[in-house]
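Chains as they are written, first to last, in the working numbering: chain A, -14 to 479; chain L, 53 to 154.
Bear in mind the hints are in silico, worked out from the structure with no lab data behind them. Fair warning: there could be bad hints in the mix.
Some chain L residues close to chain A (C-beta under 7 Å, calculated; not the full set) [stated by the list, open to error]:
| id | residue |
| --- | --- |
| 1 | Lys64 |
| 2 | Leu67 |
| 3 | Arg69 |
| 4 | Leu105 |
| 5 | Pro110 |
| 6 | Glu134 |
| 7 | Ile149 |
In this text, a Cβ means the ideal position worked out from N, Cα and C, and glycines have one as well.
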Amino acid sequence: MSTPLEQWVESTARITRPAQIQWCDGSEGEATRIEDQLIREGRTFPLNDKTYPNCILHRSDPSDVARTEKVTYICTRNREDAGPTNNWIAPAEAKQTMGALFDGSMKGRTMYVVPYILGPAASPQSRVGVEVTDSAYVVASMRIMSRMGKVALDRLGSSSDFVPGLHSLGDLSPERRLIAHFQEEKLIWSIGSGYGGNALLGKKCFALRIASWMAREQGWMAEHMLILGLESPSGKVTYMAAAFPSACGKTNLCMMVSALENEGYRVWTIGDDIAWMQVGSDGYLHAINPESGFFGVAPGTNEKTNSNVMAAVRKNSIFTNVAMTAQREPWWEGMSENVPSGMLDWQGRAWSPSNGPAAQPNSRYTVPAVQAPSISPRWDDPAGVPISAFIFGGRRARLAPLVYEAMNWQHGVYVAATMASETTAAITGAVGVPRRDPMAMLPFCGYNMGDYFRHWLEMGKKIPHPPKIFHVNWFRKGADGKFLWPDMATTLAS
Amino acid sequence: MARYGDNARVLKWMLERIEGKAAATETPIGAVPTANAITLDGINVSRETMNELLRVEPADWAKEHADVGDFFKKFGDRLPEEIREEHNRLGERLQGIPVVRK
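Could you put together the complete structure from these sequences and hints?
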């Protein structure tokens, strides 16, 4: 008698017709075999054994270097439930179009079945997902980014309580690339991309787009937020969650080496991208990081901007689309003042400035969270951490002060719903156009955003001790066009 | 030269607000730190720069308010009443009209 999971895997194999099916257990032995497979495929390279042990460099197809929002769809039954901020196709139409693309897409390939848990393995707030994929790179990445393998199958047992995700590289052609979320079924289909949030279905697809739908249904919150702990001289740690649009420094903030460390104020890292939060018995919102790794932008990362990540990535990490030095070490723009000679760029060519940057601007590191020296002792706590503050922010050259506090929850929801970031202007001094990105969730909200604001308002009534809400702007400029707040003088804008 | 971790000074003010220990000045958009509330020891930021960083200019915010009004149009009647209410109240505060909270 087969389980719901086995039945679903069989159904996907009937469509995609893989040469073989491999159930992943998440073990070290399997990870080594997957790495060997990746190297055999010719787009992945082992890095310096001594200085970067157990690290690999992966080069993606040059047309496949970033998430593609234009072909990402929220396929609710009714168009209005996807709302004005999402791309929508009717579920039946999406299944027909994508069904044709998935037809035989895994012929001659291995289908990997990747069961995973989002969140601490033992937490009641965590959820099980299963991705079937023909990409060994996805398997290797999911092992870092989630609790993958036997631990997930053990938690699932024979129940149907998992979020299924079907993924295939297809032919990697941008015209045949589609990512669809079938919300009422809590199902993800993704084809034609091997990259990051398009292919690691646990990340943006499940942890935000599907989870925000589930959270609204079930009375919790799934947000595009970092989680940090601020320790004060008394030793007490106060936890805060912050949402910023892309390129506003979430990873660097949650891992910062505090300028006040000598005075006893120290920052601890729980997560850098996504927070799942539920009201706890103490009346506070308790947050967990559903991920177990950091998938961060490499260019601009260095000892000054993020010494914790620089230490973390020295082992057991995957680098995607960065450059490689003659010593087989990773390199990217902003890592060091001097550019090493004899490098291969992200496309494997001998690097020359006329070919553009050595590392692709969206190139990444994928690193186990536990390796960051700043990782909080509570990062894997099944009870989550109690949140005392929400921080929202964006890049505003003139408008917003360094920091302000909302008057109450309702006002705070308005502040979050109206946050915006200016596009970086080509001319110094000119102010870019503000792009609205409510709660930094614009690309990730799994349903009508108006209804999402309603959910925030309702949650406020359910939390006995709600977080205070703040808004920050690290990017204000003076009349001379220079940043006023010193931190930004040492950050490279990406 | 200021180090990267100076944003911790802002987090410290937030912590003090949570604990009820820090002073703030009310503005039409919300509460900002008072002039001395953010620790500036060891950082190269003058009083003048801090004032500039904390300034709230109602004229700039009036422009923003109009832009936000435009943005809200796309949500139609799915925009919650309470959000509309906050938007209107902000508009009144920016015009210097005292708002009586229910």
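Each hint, compared with the structure:
1. The closest approach between the C-beta of Lys64 of chain L and any C-beta of chain A is roughly 6 Å, which is under the 7 Å cut-off, so the hint is satisfied.
2. Taking 7 Å as the C-beta cut-off, the interface hint given for Leu67 of chain L holds, the closest approach to chain A being about 5 Å.
3. Interface hint at Arg69 of chain L: satisfied, since its Cβ lies 6 Å from the closest Cβ of chain A, which is below the 7 Å cut-off.
4. A hinted interface residue such as Leu105 of chain L counts as satisfied when its beta carbon comes closer than 7 Å to some beta carbon of chain A; here the least separation is about 4 Å, so the hint holds.
5. Residue-level restraint check for Pro110 of chain L is violated (minimum Cβ-Cβ distance to chain A is 11 Å; threshold 7 Å).
6. The criterion of a C-beta within 7 Å of any C-beta in chain A is met by Glu134 of chain L, whose closest approach is roughly 5 Å, and the hint holds.
7. With a least beta-carbon distance of about 16 Å to chain A, the hint placing Ile149 of chain L at the interface is violated under the 7 Å criterion.
Figure legend: structure checked against the earlier numbered hints; hints not met, in rising order: 5, 7.
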